[in-house]
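Asker: Those sequence lines, one after another, are chains A and B. Numbers 1 to 506, taken from the working numbering, label the letters of the first sequence in order. Numbers 1 to 335, taken from the working numbering, label the letters of the second sequence in order.
For the record, the hints were derived by calculation from the structure and aren't laboratory data. Do not rely on the hints blindly, as some may be mistaken.
Unchecked claim - The calculated SDA-like cross-link candidates involving lysine to any residue, where the alpha carbons are at most 20 Å apart (straight line), are:
(1) A:K198 to B:G94
(2) A:K137 to B:N51
(3) A:K174 to A:D106
(4) A:K198 to B:S178
(5) A:K198 to B:E185
Keep in mind the model is a prediction, meaning the values are calculated, not measured.
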Amino acid sequence: MKATFDRRGFLRTAAALPLLSSAIAHAQDSRTLTIAYHTALPGLDPTRNAQTSNPAVQSIYKAIFDPYIDQNPDLSLKPGILTKWGWTPDRRGIVLTMRRGALWHDGSPVTPEDLVWSLERAADPKTGNPMNFVWKKLGRTRIDGDTVTVELKEPEPAMLKWLAFLTAYILPRKAFTEAGPEGWDERPVGSGPYRVEKFERNGYIRLKAFPQYWGPKPAFETVIFKFVPDPSTRVAEVESGSSDLTLEVPFEEFDRLRAKPNLVGVTTPVSDVGLLLLSNKAPLLDRNVRLAVSHAIDKKTLIDKLLRGYGTPLDTLQAPQYAAYDPSIKVGYDPEKAKALLAKSGYSTSNPVRMKVQSTRGYKAKDYEMVQAIVGMWRKVGIEADIEVVEIARHFELQLRGELPPAAFYHWGNAIGDPSTSTGATMVGPFATWRTGEMDPRVLPLLTEMDEVKRIAGYKAVDRYLAEEGIALPLLQYVQPVVHRKGLKFTPHVAGVVLPQNVMKG
Amino acid sequence: MSFTYLLKRLLWAIPTLFGVAVIVFVLLRVVPGDPIAMMIPPGASTADVENLRKLYGLDQPIVVQFGAWLADVARGDFGTSISLRQNVMKLVLGRLPATIELCLLAMLMAVVFGLLLGVAATYWRRRWPEAAVDGFAGLGLAIPDFLWGLLFILVLGVLWPVLPVSGRIDPRTAFDPSTQFYFVEALMTGRFDVVNELVQHMLLPAVALALPLAAALARVVKTSLADAMNQDYVMLARVKGYSRARVIWRVALRNALIPAVTLTGVQFTFLVGGTVLIETIFSYPGIGNLAIGAVVQRDLPLIQGLVLMFAVLFIGINLLVDAANAWLDPRVRTA
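So here's chain A without its partners, still in its complex pose:
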């Protein structure tokens, strides 16, 4: 018998293929919210390793665990498992009041002993808490009814804000001790609005609403976070209806998707600042060159051309939502001024100053393209820069060793909006790139300044100094794109978290 494959056979096969689609799971089930999420959850202990302190995974932790202190979408603090918080009169300790009636997902009550155990565990370097450098400052604790007083071994003016930041989650002493660190991922217990039903590493996590949660009743019975690291796959997920919501898609795709009748696009500026880290190396030791480097960059054009207008130009390390933001600090795009400054140091377009600038490629949206555009802008005023492309691991290695080139592109998140975790962290300590020593007397006293008004004013003064001296080169505040299906109401959060508790029906 002769094998044949005719036109009719082909058409019959092709006609049968759409039947497969009936088997595909579509997300539109009113009781379930499916989120195509950009980052995989490293594990279910939110305090355990470096990856659990990744700001990108806090959306999931905040759905399962209660932060000590919660945050409103504008970054202001609000009660979480703690209903009140403050300083002791001598400001050498903190006083925390526990919420009454909160329950763990296993039905047992959340107690002040759990709070003390969680804080002591965080302070123990052996547990691997990546934020131990803050928590180790916590000293003796005293429980008095619902109130816990914690002494500070050394001053930490931002300690109350840290209680709303990375790894600051209450965990159940009894359940954790019984499960042990290795068994915790199989038997996690939180006190947040959702409990864990199933966690498949690098695959997904399925959460169920916790009916006895002390806060507002969750809008969805089931929440699924699918871990989809590839942006084009996330686009396909939401476009095909396999997921209800996704985030961090390329802006070109965002604009295309939000034009579709069944999808809605939401953007919000988030606590993520793109900047060029400047190092005290030639030719940037010359103040004229530093200032020219800043004045030659047209930040608005970078945002308009490369990020389709999604971004806010910045001249300080503080975003507008941060505590120490000072709108009067301006650097300004002025290529003529840049040329004049360079001329003072003997440079021109025919005799350009040469330097190296480092960039990652694809680590952050349009990072390399942005550096390319900046190099083009510099060339017009008399700065010739060679781009060195590195992987992010190499960038961190060089930064820690103090071996970054004079300029290096990076982005800096700060979800509590405190200046100590933006200006403070970039100007002193192992990650500081400007290591002349001139920043130490300006910044170090602020790290222990307990007078809040003086502290914030001090940081504003530092930011002004950085702008006037051209020591820091902030570029923009990033915007987070979120796309969801029609029929949902999503409230964005400046911290960049996509909380299922902030997604409503209708």
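Chain A is already provided as a structure; the job is to place chain B on it using the hints.
Answerer: Here is chain B on its own, set in the frame of chain A:
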């Protein structure tokens, strides 16, 4: 293939694995990237950095680090992942079954398609099916697997959404397996709804992985068959009056398969390597996906564990290829 030969091959695997261990250990310490720099948060002090380096034994000389790691590996302890603080072997073995199932499906598809296409091109020689197979082979070899993956996502995930584009299983499915071999377990427990779902999720990544291999196989089978068809024993079969189809299937194919089996073994290692990108694109939770994260984070113990696991896989595949060649070719058996 004798038992002694097999034993010898297995014993040779030990120095091979040792060599791999040395190379990967040294390479990882030479390439740029510091795992401590990756994990230390802004605001930490220099003392915090040094404490972490000490905690993970990275403050020791490389020789000491290697000795300690090798001693642990010999005891079956591959260490603790720096970025995830979990047991490396537990992490790798937890993800390996997903990759094995995906690779086996891809391999099955590649072998079936490659074989059929090679045979078809020979059967309809100098007619349009041969040209079509040559065209397919050229295209399949020219386009890398990840590009096929992206194309499938666009066409079959978005424009004509007939198949899922991410994950291994629908997260809503009530299926609580006791092992990570989902497919095998679903088959054995009669959960055919889950089998169907697993196949649907594997289909696009498996086809993306299989296409380049199928193309290479089709070409090799076609060339080998063309050679075999000119041999005396094939002429004899023709003289005996066998049909063309019978000559190809029953007489020529077995000998023509020998280079195809060798190629399959070699290409399967590339296929396993291809999972690194394909699993990431399709959010498939296998070791390829795990490897990307480990490399980005410079998680040295995890990368070492993964590379050793890949090496074990490759050695195992080569053994299987040798066994298959011995079965097909008596000369190998008696050599």
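Asker: Hint by hint, say whether it matches the structure.
Answerer: Hint check results:
1. A:K198 to B:G94: Status holds; Cα separation ~15 Å.
2. A:K137 to B:N51: OK: K137 of chain A and N51 of chain B at ~16 Å, within 20 Å.
3. A:K174 to A:D106: 11 Å, holds
4. A:K198 to B:S178: Measuring from Cα to Cα gives roughly 13 Å; hence the hint holds.
5. A:K198 to B:E185: 18 Å, holds
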